[in-house]
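Now that you have both chains on their own, put them together as the hints suggest.
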Amino acid sequence: MNVGFFAFLSGLVFGIGLLVSGMANPEKVLNFLDITGHWDPSLMLVMVGAIAVGLVSFSIAKKRTLTFLGLGIKLPTADKVDKRLVGGSVLFGMGWGLAGFCPGPALVALGTGEFKGLVFVLAMIAGMLLFEAIDRPKRIS
Amino acid sequence: MIDIAWELFTPWAAIFGGAIIGVSATIFLLFNGRIAGISGILGGLFRPMPGDIFWRVAFILGMLLAPWVWQAIAKMPEIQINAGYDTLIIAGLLVGVGTRFGSGCTSGHGVCGLSRLSLRSFVATLSFMSAGFIMTYVVRHAFGA
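From first to last, the protein sequence lines are chains A and B.
If you want the numbering used here, it's the position in the first sequence, counting the first as 1, plus 1344.
If you want the numbering used here, it's the position in the second sequence, counting the first as 1, plus 529.
No incorrect hints appear here.
Cβ-Cβ distance ranges computed for the label pairs, FRET-style:
no.	chain 1	residue 1	chain 2	residue 2	range
1	B	G580	A	A1422	20 to 30 Å
2	B	Q600	A	V1400	24 to 34 Å
3	B	N611	A	N1346	38 to 48 Å
4	B	D532	A	K1407	36 to 46 Å
5	B	A603	A	D1479	34 to 44 Å
6	B	L537	A	K1407	39 to 49 Å
7	A	D1423	B	M578	15 to 25 Å
8	B	M578	A	L1410	13 to 23 Å
9	B	M605	A	G1414	35 to 45 Å
10	A	G1414	B	W535	41 to 51 Å
11	B	E536	A	V1392	14 to 24 Å
12	A	A1477	B	D581	13 to 23 Å
13	B	V598	A	K1482	38 to 48 Å
14	B	D615	A	D1479	22 to 32 Å
Simulated from the structure, these hints should not be mistaken for lab results.
For each residue, glycine too, the CB sits at the ideal point set by N, CA and C.
Just chain B, same shape as in the assembly (with noise of 0.2 Å):
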């Protein structure tokens, strides 16, 4: 049976913090003209395109100081990565790797691609959540962490 940890949920902000990420996606979407997917915007820097560097290094440098904008006004959520080293670089070249054969990470297929309803999006947010679970079984549980 599914054992919900209720101490841990958090539905509100998650709806919330949800409906933001949705808002920054609609910007870029309706002025810019683009998906907001952080795996292209990123890695589309090492395939460059003219013109195409400016935006996608701004749209990084938002990212990157969003929490000193958040620090500004208000404490900074806890940031727990309990992963070592070794597991950092083992999971950081399959993210890297990954979102790139695959077109698209969490934003890009998660958020935007079933926005617009897209079936390479939905079987793609499928394979990755499947992943997801099974390695964190596997991390978890079966190593017995």
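Only chain A is shown next, with the shape it has when bound in the complex (with noise of 0.2 Å):
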């Protein structure tokens, strides 16, 4: 019950952030995305801020084995740039550019009840699924 509660927390937290930040709203990150036009450097901050409050974090969690709730921490163990990743990031920024809607912001758009960002939501979600068309059969064989 407590991992369900302290993700619905982070979510909730996450959510509260973006709308603080200015992100969940797809105009703003356009206008930073716009950095030959008249750019807003906003997002840029926001950045820094996560970051600064992430590397306690991390530096905090390279030293345990375990979270405060007795659960291991897993994180990525992957180290190779290779061109999925160089080649799936690109196809994010294009979409990202494209909308002004990367996936936390998209999630916060629908929760107010815009349709815009349920349309958003459901060919993102469509997009997850083409993509384990694509890699399931792959891994599998």
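Written out as structure tokens, the structure is:
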């Protein structure tokens, strides 16, 4: 039950952070991505604020083997920079630059009841299912 | 030259909001032992592992309810979506496929990955930022929207 509670709390706090930072607004995100236009650098400071806190947390996590709930700490183990990583990230960036939505803000927009948020999230889920359809046969074979 | 939109720039809200996102990532890391990467948390639902659906749904539910909690306390900030439905669908598909192949998005790579000094996340962040800059340039300037 605790696992669910802290996951819920973390999602809630994440959404609040997106709302406070202004990143839940796709137009503001696009104003950041529009580096050759009238540029709003705010998103850079969102990263600075988040990473400043994150650096401390991850340094704590690296010294521990178990969480405060007694669970194992599961950090990614992959270390190869490959075509899959770069190609996927480029596709993601293209979509991000098109509409100004990345996954977090899209979920928050859906939470407000915004119909366009729903359309984006459904398309994003379709994209994730497409990934499963392409990737799963490869993993099994 | 870079033309900074000082009238749109919200440095304090950005840093403070960013720190709140950092706190969220901290809770998830130090209690649940996982990376707070939204695309991974959502996408993992479509590759279910035993015992792992419940917390994924709980996290997503928290995000969906964030605006409701916000509204109970303060006025909702503006969410302006100028993209049309066709653009939203193409963008959503690209974000869905791309984040899964690239193993992460702005949260997993950009926030958590950079915080744990991962080279993969650094490369991924550079890649999606560059692609985002180029795509926004194309949409806003090359086609003269």
